[in-house]
Amino acid sequence: MLTLRQECRIAIRIAGIRLRGQIAYPASFWMQIFSSFVIHAAEILALLAMFNRFNDMGEWTLGEVAFLHGISMTAFSIGDTIAVGLDSVPSQIREGEFDRVLIRPLSSWIQTLVSEVSLRHLGQCAQGVVILGFALSWTDIQWTLQKALFMPVIIATGVALFIALFTLVAILSFWTVNSIEVVNAFTYGGSDLAQFPLHIFDRWMRNLFLFVIPGGFTAYYPALYILGKDDPLGMTDTFRFLGPLVTAGFCLVVAWGWNQGIRHYRSTGS
Amino acid sequence: MRIYFELALRAFRQLFAYQAAMLAGIFTNSVFGVMLSAVYLALFDSHSDGTSVEGFSARETVTYVWIGQALIAPVMIWGWWEIIKTIRTGAIVTDMLKPLSFFGFWLSRDLGRAVGHLLLRGVPTLIIGALFYDLVYPGTPGRWIAFLVSIPFAVIVSFCFRFMMNLWGFWVLDHRGIAGIATVIVGVASGHLLPIAWYPDALRDVFNMLPFRAIVMLPVEIWLGQAGIVEGLGLQVFWILVMTAAAHWLQSVAERKVVVQGG
Amino acid sequence: MDGPMIEARNLEKRFTVRRHREGAFGAMRSLVDRGGNEVSAVKDVSFSINRGEMVGYIGPNGAGKSTTIKMLTGILVPSSGEATVAGFTPRESRKQLAQQIGVVFGQRTQLWWDLALADSLELLRHMYRVPEKRFRENLNRARELLVLDDFMHTPVRQLSLGQRMRGDLAAALLHDPKILYLDEPTIGLDIVAKARIREFLAALNRETHVTVLLTTHDLADIEQLCRRIIVIDRGQVVYDGELGALRNRFGGKRHVILDFDQDPGDAISTLAGNNLEIVDHNGPRVRVAFDRETTSTPRVLALASHHGTVRDVSIEEPAIEDVIRQMYEGPDSQHP
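Chains A, B and C, in that order, give the protein sequences.
Each residue of the first sequence is one higher than the last, beginning at 0 in this note's numbering.
Each residue of the second sequence is one higher than the last, beginning at 236 in this note's numbering.
Each residue of the third sequence is one higher than the last, beginning at 34 in this note's numbering.
Since the hints were made in silico from the structure, they are not lab data.
A portion of the hints provided could be inaccurate.
Stated by the list, open to error - So, partial list: chain A residues that the calculated Cβ filter (under 10 Å) puts toward chain C:
#1 R8
#2 A23
#3 L44
#4 H263
#5 R265
For every residue, glycine included, the Cβ atom is placed at its ideal position computed from N, Cα and C.
The following block holds chain A by itself, in its conformation from the complex (with noise of 0.2 Å):
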């Protein structure tokens, strides 16, 4: 039986082999980089602009909004690099290209991942760090070493809630390829979700991404804390410190459901 380090060595092998098949098109591997980067280049130039219409958001000056802002994207894009692979499980059913994961004596879940290797988000990962940049030099952030340690651990919850939520995407493809569609209001929304304040929309919206997709708890409570604001909706101050704790539950649920997924797997044909 492999240990998971084992298994991740091996997914890391993997993805290098991956990788050398995709630079053997020299031409096409930088056009996407190449591509990816004009997209976030935009994409900042976009939110400069609409910042620069404007003077805050809900209480909160526009540095500490892209303080927000940054710390998710950067999250959520190194998220996507790694989970790139779980975009394509609904493709993989549909032509029957699953099966072949369950011969292999590798975990299916670490053997998707790596099913598809893709440097695009890069570019948006540039994008985050970029504007966590602009953040930091508007903002007058009081640093302690505390919340100089909690940055990563904001950054790695990020990650691991993002990662999660493509997982789930992946799992409702094992009952439906159809209508697939929805689960971009969940991945890309939630991205977009967790990059502003979180007291600006209705409640309705808020206790879904605090109780049902922790969100809330892996970038607005802890940027309340980096920032050192009071809290609108009144929470106790225990949350900003929540989010490692509540997405290893969800990521616990998640990796329950992806078993379940696996077991519902129907293959094709006869």
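Got chain A; can you put chains B and C on it based on the hints?
Only chains B and C this time, still in chain A's reference frame:
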């Protein structure tokens, strides 16, 4: 002409087979509509100097958000690569040899599809927006009609652009890079991502001189009364003429390439 | 290892077939109400296969062949019943089992479309943690016997069907599996390619005693490779035994063709009645059919010699296709 009508009708009917996908699309567009509305309303809420930002009040901005979400499917903001697929399979050669205009063949199908998407996805999305938000409506019957006319015009301009992007497939192996850039050009320069008026002045002037404006911004401006009916529709017609000419030119170059390669 | 290599005990797999609803309301109702009809692709399948056996698993389309194999590999979880493969229960120990089996699906490659064959094999080496030395040995053997060298560095999507199949076989054997599942391994191949694959499999089984379970529509595969066959029809095993015994049980009659030096004339008809039957009489050539339970070839020859000099004799076994068709269409069967 009959054949083009039949092609459009078939493309229109085809959409009715994917009802679950339609519901999913309406749901997704609405979720984003709700989210973006909340973001803009929050921005306007704490906006100190007056109520309007570069010609957009809060209500008008929310209206812009919902029209934008409703137009996503009809004008295919996220791109469309059907012709590339036929280049890969080789079906394009027989399509080009058919006794009808290659451009018209695809355009009529796209218009049929767009009408279907408008009815099945655009209208329901807009109705959801109207139910939950206080939107601004075109004041006169003339404006309603002008708005309805501006949508097929927007589709044609967007189609010409997508058509040309697809023909690029004759020269490049992998369209994904181009696809990404094309998508972002339309997203930004059409006004889908942000009202064009809100960009910095220099950029706004550039976007106003590009055809992409006709795809999202002009229909919105016609609805909101920011653009005159004649000027708005006239500008769309102008871009239709220019883009159609460009598309035909690119097609003739591509056809020559097919002949040279021997199919 | 003691006990059988593959054991299936009352395997069953049910699928829910969704009702498709028409119209906009239909689509909405389908989202809420997930009702449907249950059908059993596999109803009740039991068998046991020992180490080193090469077993043909056959049946008409939709009989449940692939579904059985998918349950034995761990791809599908059985609705009821149990399987034990190489000492593991597939659904509980999918990963450990995967290390012990090799799978080739003729219709679908297990390789990566966009990678060169060499890269695919390299990837699998890591996945199965094949030691470097063992990998070299297996790769060299595969390269030699399956003649892979011409296309080792070609992306899999550009390979011909036959090349791809050889690549798939090499990939399935890299980690020295104890069991090899082959689902239609010769489908779509030309005669030369088929022969090459069959020779390879026969040699492999001889040398390594790998256990092989083979499904195919091409009964020549079975005749050349398997002594034992399991026949499945509508989700149930209808025959499990030796290929030869199958002929005896269902095949009925053996044909003998007698070439006389001259036409024996109408008198030959008196042969009939001695538990044999004249099927055809055309000049000096007479075709006789008999049941081998009641008569033997020497006795037929002895009887025939009363009617003239027999110059030549040939014996025809019933074609396996006919035997099996007879099984599916036999009197007990409810096929339309």
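Of all the hints numbered above, which does this structure not satisfy? Sort the numbers upward.
3
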